[in-house]
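Q: Chains as they are written, first to last, in full-length UniProt numbering: chain A, 1 to 297; chain B, 1 to 297.
What the hints contain is simulated information worked out from the structure, not anything from laboratory work.
Here a beta-carbon is modelled for each residue, glycine too, at the ideal position from N, C-alpha and C.
You may find that some hints are simply not true.
DEER-style ranges, computed between Cβ atoms [what the hints assert, rightly or not]:
1. A:LEU28 x B:ARG171: 49 to 59 Å
2. A:SER33 x B:ASP55: 26 to 36 Å
3. A:PRO258 x B:VAL269: 57 to 67 Å
4. A:LEU28 x B:GLU159: 30 to 40 Å
5. A:GLU12 x B:VAL208: 23 to 33 Å
6. B:ASN18 x A:THR45: 24 to 34 Å
7. B:VAL269 x A:PRO91: 52 to 62 Å
8. A:GLU120 x B:ASP8: 46 to 56 Å
9. A:PRO255 x B:GLU170: 19 to 29 Å
10. B:ARG242 x A:PRO258: 52 to 62 Å
11. A:THR70 x B:GLU7: 43 to 53 Å
12. B:LEU213 x A:GLU12: 18 to 28 Å
13. B:LEU213 x A:GLU30: 51 to 61 Å
14. A:SER183 x B:GLU170: 39 to 49 Å
Far from chain A by the CB rule (all over 10 Å, computed), these chain B residues [what the hints assert, rightly or not]:
15. ARG50
16. THR61
17. LEU71
18. GLY93
19. THR97
20. ARG118
21. GLU170
22. PRO173
23. ASP174
24. TYR198
25. HIS206
26. ASP222
27. ARG230
28. MET243
29. ASP244
30. ALA266
Partial chain A-side listing against chain B, Cβ under 8 Å, derived [as the list claims (entries may be wrong)]:
31. LEU35
32. ARG39
33. VAL41
34. LEU209
There are 2 protein chains.
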Amino acid sequence: METHKPEDSIFELLTTYNELNSSRIEELDEEPSPLEFMRYVARNTPFVVRRGAEDWTATRTWNAGVLRSTLAGHRVNVAVTPFGNADAPTPDGQGHTIFAKPHEEDQDFGQFLEYLIRQEILGSVGSGQESSKVGEVRYAQTQNDNLRHEYVTLFSQVEKSIAFARIALERDPDAINLWIGNSRSVTALHRDNYENIYVQIAGRKHFVLLPPLFQPCVNEQDLKPATYVRAGGEGEEGLVLRMDETVEENGDGAPKVPFATWDPDAPKVRATPYSHLAEPMRVSLEPGDMLYLPAMW
Amino acid sequence: METHKPEDSIFELLTTYNELNSSRIEELDEEPSPLEFMRYVARNTPFVVRRGAEDWTATRTWNAGVLRSTLAGHRVNVAVTPFGNADAPTPDGQGHTIFAKPHEEDQDFGQFLEYLIRQEILGSVGSGQESSKVGEVRYAQTQNDNLRHEYVTLFSQVEKSIAFARIALERDPDAINLWIGNSRSVTALHRDNYENIYVQIAGRKHFVLLPPLFQPCVNEQDLKPATYVRAGGEGEEGLVLRMDETVEENGDGAPKVPFATWDPDAPKVRATPYSHLAEPMRVSLEPGDMLYLPAMW
Chain A
1 METHKPEDSI FELLTTYNEL NSSRIEELDE EPSPLEFMRY VARNTPFVVR RGAEDWTATR
61 TWNAGVLRST LAGHRVNVAV TPFGNADAPT PDGQGHTIFA KPHEEDQDFG QFLEYLIRQE
121 ILGSVGSGQE SSKVGEVRYA QTQNDNLRHE YVTLFSQVEK SIAFARIALE RDPDAINLWI
181 GNSRSVTALH RDNYENIYVQ IAGRKHFVLL PPLFQPCVNE QDLKPATYVR AGGEGEEGLV
241 LRMDETVEEN GDGAPKVPFA TWDPDAPKVR ATPYSHLAEP MRVSLEPGDM LYLPAMW
Chain B
1 METHKPEDSI FELLTTYNEL NSSRIEELDE EPSPLEFMRY VARNTPFVVR RGAEDWTATR
61 TWNAGVLRST LAGHRVNVAV TPFGNADAPT PDGQGHTIFA KPHEEDQDFG QFLEYLIRQE
121 ILGSVGSGQE SSKVGEVRYA QTQNDNLRHE YVTLFSQVEK SIAFARIALE RDPDAINLWI
181 GNSRSVTALH RDNYENIYVQ IAGRKHFVLL PPLFQPCVNE QDLKPATYVR AGGEGEEGLV
241 LRMDETVEEN GDGAPKVPFA TWDPDAPKVR ATPYSHLAEP MRVSLEPGDM LYLPAMW
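Isolated chain A (complex conformation) (with noise of 0.2 Å):
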């Protein structure tokens, strides 16, 4: 624990928030009406909607099998990386923290499918050196709206627009998007200037969510970028990190990335001295549950 200066106004500032605020979400049993939501956007402060999409078509019937027919044939783009690291802060090895962008390739939807299952089958046996081996992470993450695009066979299966969002913010969704992974994806740490509904539509994510307000426990650094490339064939042996090139005219490479490096799940690593003041606010969402989370946390 570190020791604070009395006038240390960040400390006051995290230390009364806490004391102030509980790190539990708050829970509905339904989808807030447009003014209910709003009150929530106005104290920015995120909710999960339990079983709130239960009776959307996606929620009812999508499986591997269903989503295996529904886009056999199809091609999508796929994330590739060896930890699950897309977008983000990685060790290269020599001492610093670069940010670690993806391999992206398009890949057969089915093939995609049937490593996902694998992995998590091969994953959940093996265990110590076994576990070494299950190879790359494969996370098919796109956030271009892709489920009116590369996804839109799916599209009818979901709502259009989240009704209690749309009427209160005044505005159709920019963007829709629909990722599919398994145990091992993974997003680190990051923040959006976008109020987001994240829906659960089959297995589970959890979250680890902290408020704007603890920016000063995240270690926020401009980080160079890498992208992984395929060195030699398939598996994570075969990727390699290759420092993104200039674009800019002074040499220095091309511009850094300001990212969070600090991880709450890894609280030793990469802190501040406020870091250890972070409470996070940890919610599992189940299918068909429903998660408002608020722009910048």
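Got chain A sorted already, so can you dock chain B onto it with the hints?
A: Using the frame of chain A, we list chain B on its own:
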């Protein structure tokens, strides 16, 4: 104009805010719905509803005669200062700025109103030396829910609550206050941690509003508090500031008051390096106009 280093993030923040936001207040023609209001709360943005309260009994009927007869014989709390500087940063004559609190006294309502009117007439015809003889400033400005207490006989003539705000915020008003003054009544730049709906019943009021972000412009300082006392008879020459007595064991005097010392209407005085970046939102209210003044503005 100050020069700023390129890495001055406060400078960047304030200039970017100015680029992205208008300093013109949004004007509505009718009261918003609770949901529409909540959008303003979420954006922490003021608006004015022109003539939103024009149908109130108070707006339609109040004038000096009505108030005089309704409150005949009542005594009301009046804040008395030489310059309208009630709860305001004030030079102490020895190079320091102190926090001046008004002399408070109960006055017969009829005599109080008569004083306001006579001073207004005198002030509007006087000039130069004459105008310095207009005398002390009197302002009925208590904030202790006075319309449901001190002025309860008038309460039936205003709305018991502002429906759009009550429904949106899910609570009745914490306080409903009536303020009565003349053109010499001034309130120093300050902020409250309350959502406020201000309704102009009679006369005009000129607001100068700054967003919370512009905190670096206002030169907040810890000021020693002092209170006006009547040393002689009536008139500004009779009011002197007396430092508040110590209530602390360390003998340093009464606890200091953190308060903005910069005045947007005297922008060169007590300025910070950021004060010139402030682009205050100015709005004048006419009878029946309604202003949403967000918390912390």
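Q: Looking back at the numbered hints, which does the structure fail to meet, lowest number first?
A: Violated: hints 1, 3, 9, 13, 21, 34.
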